[in-house]
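If you want the building blocks of each chain, they are given just below.
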Amino acid sequence: MISKKIPKERRIILKNADDPSYSNKISCYLKRGGYKTLKKSLKKKPEQIGEEVLKSGVRGRGGAGFPTGMKWKFLDRKSGKPIYLVCNADESEPGTFKDRQIIHKDPHQLIEGMMISAFAIQAKQAFIYIRAEFFEGAKILERAIQEAKDRGFCGDNILGSEYSCDLVVHRGAGAYICGEETGLIESLEGKRPNPRIKPPYFPAVLGLYQCPTIVNNVETLCNVIHIMDMGGEKFSQIGKPNNTGTRIWCVSGQVKNPGYFEFECGALTMGEMIYDVCGGLLPGRTLQAVIPGGSSAKVLRADERFKGTLKDGSEFDWGIEDIPLDFDGPMSAGTMSGSGGIVVMDNTVDMVEAMANINAFYAHESCGQCTPCREGSLWMKKITTRMCSGDAREEDADLLLSVANQIEGRTICAFGEAAAWPTQSFVKKFRKDFLKKAKTQKRKKNSFQLI
Amino acid sequence: MISQTKGETVTIVLDGEDVEVPAGSNLVDAAALHSKEIPHYCYHPQLSVAGNCRMCLIEMGTPMRDRQTGEPVLDEDGVPKIGWVPKPVIGCATTVSQGMHVKTISDKVTDCREGIMEFLLVNHPLDCPICDQAGECRLQEFATDYGRGYSRYVERKNVKPKRTRLGPRVTLDDERCILCSRCIRFCQEVADDDVLGFVDRGSYSTLTCFPGKELQNNYSLNTVDLCPVGALTSTDFRFKMRVWFLKESPSICTESSAGSNILVSSREGEIHRITPRRNDEVNDSWMTDSGRALYKQVRSDDRLLTPRGNGTDKILDHAITTATNILKDKEIAVVGSCHGTLEELYLLNRLSKITNSKKYLRGYFGEDDGILLSADRTPNLRGALLSGFTNSYPKDNLKSLNNDLKRGGLDAVFVYRDDILNSEVDEELLKGIPLVFMGTQKNSTSDLAEVLIPSLTSFEKKGTFINRSFFAQGFEQAVPGPAGLLPDLLILSKIIEGLDEESKIDPDLSLIWKNLGSPPKSPLKGITFNDVLESPVKVDGSKWESLPFVEKKAMHYLPV
Ligand SMILES: Cc1cc2nc3c(=O)[nH]c(=O)nc-3n(C[C@H](O)[C@H](O)[C@H](O)COP(=O)(O)O)c2cc1C
Ligand code: SF4
Ligand code: SF4
Ligand code: SF4
Ligand code: FES
Chain A
1 MISKKIPKER RIILKNADDP SYSNKISCYL KRGGYKTLKK SLKKKPEQIG EEVLKSGVRG
61 RGGAGFPTGM KWKFLDRKSG KPIYLVCNAD ESEPGTFKDR QIIHKDPHQL IEGMMISAFA
121 IQAKQAFIYI RAEFFEGAKI LERAIQEAKD RGFCGDNILG SEYSCDLVVH RGAGAYICGE
181 ETGLIESLEG KRPNPRIKPP YFPAVLGLYQ CPTIVNNVET LCNVIHIMDM GGEKFSQIGK
241 PNNTGTRIWC VSGQVKNPGY FEFECGALTM GEMIYDVCGG LLPGRTLQAV IPGGSSAKVL
301 RADERFKGTL KDGSEFDWGI EDIPLDFDGP MSAGTMSGSG GIVVMDNTVD MVEAMANINA
361 FYAHESCGQC TPCREGSLWM KKITTRMCSG DAREEDADLL LSVANQIEGR TICAFGEAAA
421 WPTQSFVKKF RKDFLKKAKT QKRKKNSFQL I
Chain B
1 MISQTKGETV TIVLDGEDVE VPAGSNLVDA AALHSKEIPH YCYHPQLSVA GNCRMCLIEM
61 GTPMRDRQTG EPVLDEDGVP KIGWVPKPVI GCATTVSQGM HVKTISDKVT DCREGIMEFL
121 LVNHPLDCPI CDQAGECRLQ EFATDYGRGY SRYVERKNVK PKRTRLGPRV TLDDERCILC
181 SRCIRFCQEV ADDDVLGFVD RGSYSTLTCF PGKELQNNYS LNTVDLCPVG ALTSTDFRFK
241 MRVWFLKESP SICTESSAGS NILVSSREGE IHRITPRRND EVNDSWMTDS GRALYKQVRS
301 DDRLLTPRGN GTDKILDHAI TTATNILKDK EIAVVGSCHG TLEELYLLNR LSKITNSKKY
361 LRGYFGEDDG ILLSADRTPN LRGALLSGFT NSYPKDNLKS LNNDLKRGGL DAVFVYRDDI
421 LNSEVDEELL KGIPLVFMGT QKNSTSDLAE VLIPSLTSFE KKGTFINRSF FAQGFEQAVP
481 GPAGLLPDLL ILSKIIEGLD EESKIDPDLS LIWKNLGSPP KSPLKGITFN DVLESPVKVD
541 GSKWESLPFV EKKAMHYLPV
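These protein sequence lines are chains A and B, in that order.
Everything in the first sequence is counted per the working numbering, starting at 1 for the first residue and increasing by one.
Everything in the second sequence is counted per the working numbering, starting at 1 for the first residue and increasing by one.
Please keep in mind that the hints were generated in silico from the structure rather than gathered at the bench.
The C-beta atom is built at its ideal place from N, Cα and C for all residues, glycine as well.
Each hint should be verified, as a subset may be incorrect.
Said to hold, decoys possible - Some chain B residues judged to face chain A by a derived CB distance under 8 Å, without partners named: (1) 88; (2) 112; (3) 119; (4) 120.
Claimed, not checked - Ranges of calculated distance between the beta carbons of each label pair, as one might list FRET restraints: (5) A:229 with B:553: 56 to 62 Å; (6) A:44 with B:553: 50 to 56 Å; (7) A:45 with B:145: 57 to 63 Å; (8) A:74 with B:238: 47 to 53 Å; (9) A:241 with B:81: 28 to 34 Å; (10) A:45 with B:114: 51 to 57 Å; (11) B:145 with A:313: 44 to 50 Å.
In isolation and in its complexed conformation, chain B is listed as follows (with noise of 0.2 Å):
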């Protein structure tokens, strides 16, 4: 990994064009600045550089310095002599440098580039047809660059292992690996778990497992998505789909307060897979395992579909109206969900302003993996935070509610997505005491609950979400929402409408940003839906620095 100086520029002479470049970065990525590829398999630029494939050969030269005095060396017009190397050099191991001269574009680069498509086919099997990769496939796209178009190779290709389970979630198929290194370089320097290696040698070279041990740490996944070509799979999307069919649409990770950046792709309103999208200061290329299966609860057994008003009633207007009509004049307690969008929290806390109610939060932690799966296991609690919602430390409980309950005065308890049976929530004392549910899985709570809202994912709506970091994240909608169902943002104005016609507001985002930037030391003051959507917002987070946050240094981020 080479660092690069911040700020800092220097001038190379790309293909002929002054250009200027950042200073210390890698020669491949400089010239993708300049729209020039320099087609490449091994580099990867959050990797170490192996320099193995020899796709990103090109010319350099750096102007000729005297050998005694350091000046450099003028030829007759004045003009600074190049010293061409004669060898072909690989880029991806090619620091820029003041002047250097770069030739991406030449007959010897274009013939390097053909050199190595040969070769990099003659033992390739022709698998396209039915390989996963077909469409996305590097070893695809610059064979139509840079293929001969005909064979020269009428030796037998060599045969390797077809479908070898490297872990529970990866298959591998030997054939098609190039022998990059890339999910080699991947477990060794990001997962921190050495596990992969190659086997036997020249041409024969095999991917593999050490012995003994499986490619099973919760970012095995990452290696399919780093797999330049088709040879790692992801043995749950395996012969699955056709990536051309695939709709892309940039969302976060709800795992854990990490805030990986994601993908989720789907076709006609149904995911078929979550892979993790570029953020060099959140999740640089890499996502959970874990992450990746969550997509899982949109259509799962226990997704709640069907609203539960009156008795038998299912109609989700009705269902709306009567939990307004429970809330309505009653001593409440709002519980929220760090789950919830920062947008959802605003106006869950407005909802709980109107009926004065208090408010309950609970936190989920688990084990901090050092990397992108943090101890806290919500995905806002900080929004929970700049919402305005609270402005204490969630603890993994809500006893605090139980006592409340035990001493009475409650008339009815709202809950948002928590379920509060799992969290010392004592059920005797709920007796007699109307409960309202909005969430989108099956719980104990909501199987208690009297009105059941359905409400949707967040591959279902839009809304901001702010990580560890305090960035706030934007997404998108991947995809509709099941039939009949409503965005919360929506249920929630309605309820709120329905409580106290003066206090509504439109659920429209960029109007509840506005109000949550209008308080005068708001930190989300000047910020607007569409420029965390576009990428993301650090907000100061300082006012709650003495708060007891559980994450650990992980990837991207040190705890105050």
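Just chain A, with the same shape it has in the complex (with noise of 0.2 Å):
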């Protein structure tokens, strides 16, 4: 096992948020120099603002990475209809509680944020769509967005200025679909959330209210102000090409000391994260398996090795430990970084059971528009339960791997994919645990079914 240096946290976002000596009220906040580089933003070119995000090569942090800069670009701008921009807060992919920490403790820095990009975009109206049970988190918002109006960064005339942009907390409908960027639009027009089709219905074109819209993480926005603060070229020094920034990575499961650190890009690898951030694995337990990006993520297998070329090309040969913990390095090991939620699973987990609670999960959450998405999901949920019940077949394996195969792709949002790629990876990597269930589970008399 590595034992080295422990790395050491780079807390940007997260810079004040446990500091005991901090509080969420907007006093604290000015105090640590808050709001100035809203003042200096606003002075800007709006299309400077856009550059600077551009230039500074930060990536969505909410699952998809796609480069922020870029997707501000498609903003169509000719329509001559009101430009929207909207926070998704909603953040409920297993395994990640990023958000709702800047949400509690420092809620003044997404407001900042959101207020610099809403001026970049020149957005009329600023929506913060906030996950259903964070009951808390929307009583802290809302004061939060009251003090800031009262000082004037928010609403009329921000700051004396000719730009005006009202924010406002719009409370989730409570389902993990609502964290879909169509799906929130659909829920924040107060309807389902069914997301919507792709083309036509961009959101940068066709959003909310069939207005051009943007919709970006919390930690992404967050990042707007660091990246105004320090300029874009200085920010994309931070972490790695292409992976720039820092990251706030969830950690779960069996490790000692479970939490959020929030790290350079690519400063460190899952290996130093697992044994050295998080204090290693319980007693006597040995590593099965991690899931690197939330729950929709393809899982890993401990003992796996991950071979292939990187975008520099250079060759790499990696095992679980190894790989570097920012967007690429995931993505490079055939799974994905999406949320930085990583769920840590060692040898007392049964994954068939792990998979069972993973798929009842998305059979729950699945819309139900589309047909491979809520069909599948609920046959794939219906098949491990069974086999957690005493009732699994040697067949299931590969009818699970089908069942999944005929989803991935088909669908009308990611949920497909986030549904069809843990049962695919499941099952590819751990075969021989579905195939031995069935050999070795009976059904226990009157048992309970697991989920």
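Take each chain as given, in its own frame, and dock them per the hints.
As structure tokens, then:
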């Protein structure tokens, strides 16, 4: 096991968050230089901000890792329709709990980030769509927005400029699919969060109320302040090329010290995260698997080798511990960094039960609009639930795989992949466990269904 | 709804073949023009695109263009390179564009269709033997084409409500619903009555009405037609008849001047249901619920079946002769009806000409729903104009007849279908004046009539109606008339012949059309009955532009 100096966090977004002398009141934020960047940015031309963001190379922190500057460029500015900015604070990817830290502990950072971004895209109105279960977070944000409004950081003629933009908090509808940007937009319009078909409904062209709309994650929007503070060029030097800035990783599962940690992209490996930062596994346990980017990401097996060529042409041959924690590292290992939710599973975990748990989540959260996801996710759930209730069959592994393959790439939104990837990777990588279930598990009389 | 640019076409490569398709058209429709079926459930050409069933997945690519120059990228042979979309795309959300490549036949496409079919069936009940949709069910059809033939599903199927009353005319079986949302979109977009929606999520999604609402608008039964499966059923038609026994005849709805195109489904001479027939210039694919019920008049209790001639004589021929004798050489009043066909009104006009009689016509008016139930509640007011029967706009009464009766000088009244006693004509004034009635349903006038000649409903004969947009629309006979009765045209021609041998005319539709088109300025010039039977023909109605037509702006209709 690697034993060297514990890598140090670099807290940019969470700089103030856990400081005992810091609270989420505006006075604290102002004392630490808050809203200065907004003031500075309002003196620039909106396009200049967009340029800086593009230069910074910052990629979206919501899951897909799409370059934010590019997303802003796609905005349809010719239509003459109002432009909207929406902050995606629906944080519901299992294993992810980073946005709530920002919202609870440093809400003004999000507000400032949003007002700069809103000015950059010349938004007429901004929204924070917050996960329904974040009652406290919503209250905190509402209070913070009032504080910001009272001081002219938000609302009419921001800081005496010509620019006005209102910001409101919208409480979510309590479903995972409300986090998918077009589902979110539908929900914000007061409808069922059925994701929209793309084409034609790309948010940047036909978003909220069929107007051009930018949807960004909480962490992404906070980064905009720091980009404007230090300049896009300087920001792009944090982390690695194409993986700029820091990322907040949320580690859960069977490690000694789970939690959230902010590191420069690529500053540490998966191994360092698990063994050094999180104190390693529980006594006597060995690592079995890791899901690196929220439950939608493909699972990694502890004894896998990952080989290939990186973008810079260099060859790599990694074990699970060697995977660099950034955007491209997990991608090269055939999975994704997604929302940054790292789920660690040791040898005590029954992988079929873990699969059953994940499948139950996706079956419950599918919006039900499109056939493959709606029927496939429930079917997979029923299979794995049955397998864990003593009725596993040998052919179930192949059946699961086939069902997942019939979902992937054929759905309206990326939920289809999110539901298919776990099954595909679990079955492929832990096939023996699935086959073993059929041989060893007998149904216990009067046993309850697992899920 | 994707708008088509009139006339322009683009060339696409459909399964390796260059074909021309209308620019801006939807790929599903464009492919159909070239006999390529892209199977689909949720797509409907007259509703917005939902893209949820995923049955229409195909492979699609467009010519690659150089990012910098915008020039097409060519391969070694100088042929434009095609950038195939890596994932299958849905045909229903694809608008054709020049040079687009489409594969509707490939292993990938077949795999997609098989996958979707399997998914649609895993929680579907095995209801076909008792399902009204059987025989016209998309799920059955595509299961035959793309089903595995065996099931890999060993889990328990979902259980959902089996017989929900959505409204007075529609019953829902949720287990059969494939959640295509056609019915929801119809209610929002066409019926303008947003009452349907899904509750719950995932595979447990269930169609239902909003709390406290019912699906009771006058278009509710269109959802039954739209529904690709047997989830929405007509409460009237439910469990009555197997659809494969039904004979379908094209007809025209007589409810109002909208003139919806319809299909009359019958078995062994009995009508079992009426459904809309697609016509993109008149009624799209819709019709009213009230119009569907009109077939009930065919076998209703008030249907006139027995002729009445001299006292107790019940022989039709005798009744016709008696009528002729009553009308001969008298000052008569002829009361026409906008329910008569163009051809019937032409003969009626001829009859009044040779008897030199005065003509009367009343209109029936109601509320205009702005869709397919127009304020003019007769199918053929414009036909009355074109037949020459009238030149003025009818009032909703027959006061003029009443006045003329009062003034005296009328010796007999011939009433075609109308109810004059219900039209402000005083019964007292008719005392001593012989009354001949010809029509299909009993009313106070038919009760009073000395001579009664039962005739046929529009389902039992051929003819033409001219709708609010001056579309002349021919219709076929759907079922035979009741035993012993004759078509109206034949009856009228017999009376005419009896009145004046020289004016005799064969009750032949083509011949009547020839006559109708013969005046030099006739708007019907050059049109034949077969033309209007095949497809609606727009007739020049500018001559009557100044008449006070009552119809309001509605589907495919703008008042002048
Ligand atoms: C099923 C599904 C759920 C999602 N949930 C979230 C979420 O909870 N929070 C979030 O920020 N993005 C979520 N996303 C990603 C959003 O669709 C969108 O890409 C993101 O908000 C864009 O922001 P970014 O560019 O800043 O990453 C989800 C995507 C999918 C497909
Ligand atoms: S993929 Fe799933 S969540 Fe997304 S639209 Fe389809 S059914 Fe809904
Ligand atoms: S909807 Fe179609 S497939 Fe389903 S039970 Fe009815 S006929 Fe059979
Ligand atoms: S009831 Fe029929 S039309 Fe309505 S969603 Fe279900 S399958 Fe579609
Ligand atoms: S017809 Fe295209 S997705 Fe349903």
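Taking the hints in turn, this is what the structure says about them:
For the restraint placing residue 88 of chain B at the interface with chain A, the shortest Cβ-Cβ distance is roughly 6 Å, inside the 8 Å limit, so the hint holds. Hint status for residue 112 of chain B: holds, given a least beta-carbon distance of 6 Å to chain A, under 8 Å. With a cut of 8 Å, the hint placing residue 119 of chain B at the interface with chain A holds, because the nearest CB-to-CB distance is about 4 Å. A least Cβ separation of about 6 Å between residue 120 of chain B and chain A falls short of the 8 Å threshold, and the interface hint therefore holds.
For the pair residue 229 of chain A and residue 553 of chain B, the supplied restraint of 56 to 62 Å holds, since their beta-carbon distance comes to about 58 Å. Here the CB-CB span from residue 44 of chain A to residue 553 of chain B is close to 51 Å, well matched to the stated 50 to 56 Å. Range check, residue 45 of chain A to residue 145 of chain B: about 58 Å between beta-carbon atoms, so the 57 to 63 Å window is met. Restraint check, residue 74 of chain A to residue 238 of chain B: a C-beta distance of roughly 51 Å satisfies the suggested window 47 to 53 Å.
A beta carbon spacing of about 30 Å between residue 241 of chain A and residue 81 of chain B agrees with the range 28 to 34 Å that was offered as a hint. The hinted range of 51 to 57 Å is satisfied by residue 45 of chain A and residue 114 of chain B, whose Cβ atoms lie roughly 55 Å apart. Between residue 145 of chain B and residue 313 of chain A, the C-beta spacing of about 49 Å keeps the proposed range 44 to 50 Å intact.
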